[in-house]
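4 protein chains.
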Amino acid sequence: MGNSFGHSFVVTTYGESHGAAVGVVIDGIPARLPIDLHEIQTELDRRRPGQSRLVTQRDEADAVEILSGVHEGRSTGAPLAMIVRNADQRSGAYDHLKDLYRPSHADFTYDAKYGLRTWQGGGRSSARETIGRVAAGAVAVRLLREVAAASGVSAPEIVSWVDQVQDVKADVDAATVGRADIELDPTRCPDPGAAEIMTSRIEQARKDGDSLGGIVRTVVRNVPVGLGEPVFDRLEADLAKAMMSLPATKGFEIGSGFAAATMTGRTHNDPFVPGPDGQPTTSTNNSGGVQGGITNGAPLAFRTVFKPTATISSAQSTVSTSGEAVTLEAKGRHDPCVLPRAVPMVDAMVAIVLADHTIRQHRNSLLG
Amino acid sequence: MGNSFGHSFVVTTYGESHGAAVGVVIDGIPARLPIDLHEIQTELDRRRPGQSRLVTQRDEADAVEILSGVHEGRSTGAPLAMIVRNADQRSGAYDHLKDLYRPSHADFTYDAKYGLRTWQGGGRSSARETIGRVAAGAVAVRLLREVAAASGVSAPEIVSWVDQVQDVKADVDAATVGRADIELDPTRCPDPGAAEIMTSRIEQARKDGDSLGGIVRTVVRNVPVGLGEPVFDRLEADLAKAMMSLPATKGFEIGSGFAAATMTGRTHNDPFVPGPDGQPTTSTNNSGGVQGGITNGAPLAFRTVFKPTATISSAQSTVSTSGEAVTLEAKGRHDPCVLPRAVPMVDAMVAIVLADHTIRQHRNSLLG
Amino acid sequence: MGNSFGHSFVVTTYGESHGAAVGVVIDGIPARLPIDLHEIQTELDRRRPGQSRLVTQRDEADAVEILSGVHEGRSTGAPLAMIVRNADQRSGAYDHLKDLYRPSHADFTYDAKYGLRTWQGGGRSSARETIGRVAAGAVAVRLLREVAAASGVSAPEIVSWVDQVQDVKADVDAATVGRADIELDPTRCPDPGAAEIMTSRIEQARKDGDSLGGIVRTVVRNVPVGLGEPVFDRLEADLAKAMMSLPATKGFEIGSGFAAATMTGRTHNDPFVPGPDGQPTTSTNNSGGVQGGITNGAPLAFRTVFKPTATISSAQSTVSTSGEAVTLEAKGRHDPCVLPRAVPMVDAMVAIVLADHTIRQHRNSLLG
Amino acid sequence: MGNSFGHSFVVTTYGESHGAAVGVVIDGIPARLPIDLHEIQTELDRRRPGQSRLVTQRDEADAVEILSGVHEGRSTGAPLAMIVRNADQRSGAYDHLKDLYRPSHADFTYDAKYGLRTWQGGGRSSARETIGRVAAGAVAVRLLREVAAASGVSAPEIVSWVDQVQDVKADVDAATVGRADIELDPTRCPDPGAAEIMTSRIEQARKDGDSLGGIVRTVVRNVPVGLGEPVFDRLEADLAKAMMSLPATKGFEIGSGFAAATMTGRTHNDPFVPGPDGQPTTSTNNSGGVQGGITNGAPLAFRTVFKPTATISSAQSTVSTSGEAVTLEAKGRHDPCVLPRAVPMVDAMVAIVLADHTIRQHRNSLLG
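Chains as they are written, first to last, in the working numbering: chain A, 1 to 368; chain B, 369 to 736; chain C, 737 to 1104; chain D, 1105 to 1472.
Hint data in this document are derived by calculation from the structure and do not stem from the laboratory. Fair warning: this is a prediction, and the values are worked out from it, not measured in the lab. Heads up, a few of these hints could be off.
[Said to hold, decoys possible] In silico DMTMM-like links for lysine to aspartate or glutamate, alpha-carbon gap of 25 Å or less:
id: 1; chain 1: C; residue 1: Lys905; chain 2: C; residue 2: Glu893
id: 2; chain 1: D; residue 1: Lys1202; chain 2: C; residue 2: Glu808
id: 3; chain 1: C; residue 1: Lys834; chain 2: C; residue 2: Asp847
id: 4; chain 1: D; residue 1: Lys1202; chain 2: D; residue 2: Asp1381
id: 5; chain 1: B; residue 1: Lys537; chain 2: A; residue 2: Asp167
id: 6; chain 1: C; residue 1: Lys834; chain 2: C; residue 2: Glu796
id: 7; chain 1: A; residue 1: Lys98; chain 2: D; residue 2: Glu1176
id: 8; chain 1: B; residue 1: Lys466; chain 2: C; residue 2: Glu808
id: 9; chain 1: C; residue 1: Lys943; chain 2: C; residue 2: Glu932
id: 10; chain 1: D; residue 1: Lys1202; chain 2: D; residue 2: Asp1163
id: 11; chain 1: A; residue 1: Lys169; chain 2: B; residue 2: Asp535
id: 12; chain 1: A; residue 1: Lys98; chain 2: D; residue 2: Asp1140
id: 13; chain 1: D; residue 1: Lys1202; chain 2: A; residue 2: Glu72
id: 14; chain 1: B; residue 1: Lys537; chain 2: B; residue 2: Glu551
id: 15; chain 1: C; residue 1: Lys834; chain 2: B; residue 2: Asp535
id: 16; chain 1: C; residue 1: Lys905; chain 2: D; residue 2: Asp1271
id: 17; chain 1: D; residue 1: Lys1273; chain 2: C; residue 2: Asp903
id: 18; chain 1: C; residue 1: Lys943; chain 2: C; residue 2: Asp795
id: 19; chain 1: C; residue 1: Lys905; chain 2: C; residue 2: Glu932
id: 20; chain 1: C; residue 1: Lys834; chain 2: D; residue 2: Asp1381
id: 21; chain 1: B; residue 1: Lys466; chain 2: C; residue 2: Asp772
id: 22; chain 1: C; residue 1: Lys943; chain 2: C; residue 2: Glu796
id: 23; chain 1: C; residue 1: Lys834; chain 2: C; residue 2: Asp1013
id: 24; chain 1: B; residue 1: Lys466; chain 2: A; residue 2: Asp277
id: 25; chain 1: D; residue 1: Lys1202; chain 2: A; residue 2: Asp36
id: 26; chain 1: C; residue 1: Lys943; chain 2: C; residue 2: Glu808
id: 27; chain 1: A; residue 1: Lys207; chain 2: A; residue 2: Asp167
id: 28; chain 1: C; residue 1: Lys834; chain 2: B; residue 2: Glu440
id: 29; chain 1: A; residue 1: Lys98; chain 2: B; residue 2: Asp645
[What the hints assert, rightly or not] Partial chain A-side listing against chain D, Cβ under 8 Å, derived:
id: 30; residue: Met1
id: 31; residue: Ser68
id: 32; residue: Gly73
id: 33; residue: Ala112
id: 34; residue: Gly115
id: 35; residue: Arg201
id: 36; residue: Ser314
id: 37; residue: Ala315
[Claimed, not checked] Computed footprint of chain C on chain D, listed as stretches where at least three residues anywhere in the stretch have a Cβ under 8 Å from a Cβ of chain C:
id: 38; stretch: 1228 to 1242
id: 39; stretch: 1310 to 1320
No residue lacks a Cβ here, since even glycine has one placed at the ideal position from N, Cα and C.
For reference, chain A alone in the conformation it holds in the complex (with noise of 0.2 Å):
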């Protein structure tokens, strides 16, 4: 259970790694949707292996088919189907990985919940799961576009990127910082100096076996006011799920975050002031966008904080499925640092909880 995410805009995954192939059913797309497939593939190669010497040298194509719910391009109101057939698949590579559990992965978890475990590459816990989200969020982005243009307003603006890695940190102009930007460095961080330590970082990391943790940053601009559905599916609580059920999160902030423990009231609270067209705005953003559960109109601003890559290229004590101290050697491909391939799946978790979020507003135009 737990596959599916969203109420309205409904995202559900499958597959694992070392399966026959990963796939996404999107139900609830509003019908008429244009649906662009390079659109889609453009957004699975910003997540795709291999795609620089920083990540993973997995070789995966990672092409996409769409199976339903299109028809001459644009969506028919029936769920879109899509499917990426996994490729590189080099199961003896993971043979010596079948009696132990790796530590901080999934394995020992997977086998004491359900009893077995697909231990080839992670099975279900591999982020290759994310495929579809990243599939999902493309149209999730087209979808609040399209509402955008309908309406004659800009489009929501989901910006994302490596803000730190270790103790590097980005220096970003949040206010201005383009996908653009953020698609120049391998590192996806759009600070060139920050990028250039972080990228040694990593490399150096990949020398000694070892692997790095860090922060994304996003901010989302033009986000319509009212977006939210009080009280339990605030869109900060939806957005931290969102983050949350990503692979390798370990943390959460909106706003002033963490810093928030440390403010008074009078410094904490956003003076609302008169905007250009009338409309109430805020001097400041501590607030993260989210008011009440519910988008004020300032950009969303949050982070989001990955763990070092749990698979390491060192020598580590852990326990055989039978109960036994013994030495785990890793040998697989992987990623020293998952944060750039992660910017994209945040990008499409940003724009699913968006998409799903927007159609659940609309309810609130049914009376004029």
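Got chain A; can you put chains B, C and D on it based on the hints?
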């Protein structure tokens, strides 16, 4: 929409701050669970206003009535409905708020989303809404206890406390701290030295017409292995959503949390060692008790940050509902720091998440 | 579980026959819907006991109170909670039922499923549970009316009536019959001749200590084209579920219904003809207003069968809870025929289904 | 929306008649269930076209591939995805349908709802969509069997057959008829005499360019007591929805069904008698195996009516998409009577409902 939480233990809350009542309906309680009104009331007493000089002086007994779903002290399998009448409704006290938007409150966003709002005391966005959650949490705790008893294991022990207020940080032994320690002081900080400073800070903030933020820390011991439903309903994802659905929260982190950014795989990975009963255990707990979205038997360990109360007794710049700049002089009763009363809310949501996942995981025992 | 109905207009009911109260929470009402307590009470009065000599003489005013979700007469977007206190609880009247299972009641199955039951008056399986549905139905009707008004079209007109009691069949012009016609007679049969015979049959059944079954027929005129969500949430599927979730129902048929078995494609197919406004209409309505699971603009036309009331005042063979053969002499107050009171329950569930699907279909207007 | 069915055993189907593929994702299968591709394919072979001269001659092997969720022959707890590629797509054969609305098909309603439609072969409204259901049903059957085996009881035996075609009614002993009896004849009517007449009627209808309706009857023996989730998810409500979500169904009745209208309580009530194992059993089964929405251990007994196939090879009056009266000469391949192929679809949906409710009921064993 969005007023239900959970898949298999479904909690639906209703009610506004100054309406007739607040309440909750729980659907999915397994039959024959002992239901103890006193237990539920005790939890409500932990969150009620007026319990100490540190919190709002609104005077509400918050006496709960069970309306359905119980027969001779046990759950019947039918929905358990509970209601708490609102008593101390000084609606007139809010008249001055009718025509303006309080900074960092939900006034503007509710108006923008719904086209109207209940401006008395925050309406649905009031923390009074959490009464239903806390009542449901008490039932969830009992469920966890009875399930454990039926299996002859120790019940999960959920312990949350105020770990930080402003820059005052508690020094607490997370391995041993218990509910009784937390309840010793009105701050709900079990470090007496820190609690004393927190108390003076909160009292000073009240005098200054200001408010304070802080962090609630939670550990859950005796967690069954196997809770969590990948990929979207990972346990940490549902916990994050639960926390971020509480009023005033700005962030959530589990295990290493944001500190994971600066760690490497070698230091972050939790080595498995053979446990006393042959089960693998980890010698560290950077995972925070979850791996691959599933509990591994180590204590759940996470932190939730709360912003300073938005209501302050100082003049603030804001705008009127007609779009003009105005000054707000807040007068209502309020908490200068929500942290002490947030503790039972956090406890409740944790229990609800665990109860929901306990039922969900039970399916995997169907085949023996 | 299973106490909520609907995807986007979610109705959750709670309460037992002889508990403190019955009630309902509606989540998903679009904001700014006028909410009129009088309208809701009027529908409850149609279903309440004691309204005529044909129905149970249990004396309950069934006065509804709105607890939340309304501000100055309009829905706020928050859950609308309503409660009806149980008044006439003669619990002692049921003592003789504690230790046996009444035939064709839910006594045995509740005990078997849950391990206990509230044996007073049927507990949760009592038709008293439908109070919440009827209250929610009144809100749904208002929603349908306001949505139609906002579009400048005629509102859906839901008309259900008692079409058959035993072998007494009404002769009614489904094209023109209105709510006022139905309310003219306590039987809720708008054919005066049939109503008179039905009345004498029902009175005779009461004298005989027996009970009668029958059929409720429903037409809905002015149904918007396009309601229904294939493939599982076809409109007729949701209608069937709605009807079959009412107490005492044994069957549902739409359009040609069971008569379709003996028809051929040539006679069953509904020819399209150009309609007055250029829209295709059908010259017959064997489809019953739905094609492919979606409304086609023709009137919805369906029938629901209700079994004879299980409670009868005659001696019956049954078994005790300890498994021995015993004789039951029923004594409680009851309806000798549920049909007249079933009409408002059917009306309510139809309105709820249509409201839910109206909101769901609205998404397809998102792109203009 | 609306393409998922079930709460705890969730079946999501996708795919159109003439798209790339149809398929299904099942979420919620308990771990370690044996998954047998051959079993699944066998069920698909029962519904595939071209299996006899009575059904459509569209030639599709409908070979199923499992994409995920299985490891060494057992379910992993992850989603089980299955796909069937569409092979015999003569899209050109449908060109003449592009600009008109076939009577009693979904052409008009899909166009009206979604603003476009896949006019080739019915698109999503095609019975080809049920491939995913039938594949999921085979998994559900296996689940029911394994759950029964784990408890040492007999597995539920689901037996559906063609009970009526036009006015030809079968005479079948519902207490003993088995799957093997049904499969003896291509009509899937286990009464040889009736089957012979049905066959000639169907062949005549094909020659006449006409089509026939009929009734599928279902019994389920060895049903566990306690399945069904009042009040909305009563077992009969979910069965009714399941049946009415199948293409071409017009009605559903359980137990006494529509005959209940003419019965009285004395004749309708099912007397309880002490059963062989001390459990109460009923001496009649007007209830159809459910009381108060919950199974009572008696066989489930219900009937589903299917309309005559809408596609006929006769000239029909209809309108064009531009609103003009036109004549349609149907040419596509089709079933002159859907009943024989409807049997495995009904079987599948019954199994899915029972699997879903088996998991849901399992919660009530949580407390021992």
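Do the hints match the structure? See the list:
1. Lys905(C) to Glu893(C): Given pair Lys905(C), Glu893(C) holds - Cα atoms ~23 Å apart, limit 25 Å.
2. Lys1202(D) to Glu808(C): The given pair, whose Cα atoms are some 52 Å apart, is violated under the 25 Å limit.
3. Lys834(C) to Asp847(C): holds (11 Å)
4. Lys1202(D) to Asp1381(D): violated (62 Å)
5. Lys537(B) to Asp167(A): holds (23 Å)
6. Lys834(C) to Glu796(C): Distance of about 24 Å is within 25 Å: holds.
7. Lys98(A) to Glu1176(D): holds (13 Å)
8. Lys466(B) to Glu808(C): Distance of about 13 Å is within 25 Å: holds.
9. Lys943(C) to Glu932(C): holds (17 Å)
10. Lys1202(D) to Asp1163(D): It holds: about 23 Å lies between the C-alpha atoms, which stays within 25 Å.
11. Lys169(A) to Asp535(B): holds (23 Å)
12. Lys98(A) to Asp1140(D): Holds, because 23 Å separates the two Cα atoms, which is no more than 25 Å.
13. Lys1202(D) to Glu72(A): holds (13 Å)
14. Lys537(B) to Glu551(B): This hinted pair holds, its Cα atoms lying about 18 Å apart.
15. Lys834(C) to Asp535(B): violated (62 Å)
16. Lys905(C) to Asp1271(D): holds (23 Å)
17. Lys1273(D) to Asp903(C): Distance of about 23 Å is within 25 Å: holds.
18. Lys943(C) to Asp795(C): Holds - the C-alpha atoms of Asp795(C) and Lys943(C) are around 20 Å apart, at most 25 Å.
19. Lys905(C) to Glu932(C): holds (11 Å)
20. Lys834(C) to Asp1381(D): holds (22 Å)
21. Lys466(B) to Asp772(C): Status holds; Cα separation ~23 Å.
22. Lys943(C) to Glu796(C): holds (23 Å)
23. Lys834(C) to Asp1013(C): violated (62 Å)
24. Lys466(B) to Asp277(A): Holds, because 22 Å separates the two Cα atoms, which is no more than 25 Å.
25. Lys1202(D) to Asp36(A): The given pair, whose Cα atoms are some 23 Å apart, holds under the 25 Å limit.
26. Lys943(C) to Glu808(C): violated (50 Å)
27. Lys207(A) to Asp167(A): holds (19 Å)
28. Lys834(C) to Glu440(B): holds (13 Å)
29. Lys98(A) to Asp645(B): It holds: about 22 Å lies between the C-alpha atoms, which stays within 25 Å.
30. Met1: Nearest chain D Cβ about 5 Å off; hint holds.
31. Ser68: holds (4 Å)
32. Gly73: violated (10 Å)
33. Ala112: violated (11 Å)
34. Gly115: Status holds, d = 5 Å.
35. Arg201: Check failed: Cβ of Arg201(A) comes no nearer than 35 Å to chain D, outside 8 Å.
36. Ser314: violated (28 Å)
37. Ala315: It is violated, given that the least Cβ distance between Ala315(A) and chain D is near 28 Å, above 8 Å.
38. 1228 to 1242: Coverage by chain C holds here, the residue count being 3 at a Cβ distance below 8 Å.
39. 1310 to 1320: Check passed, 6 qualifying residues.
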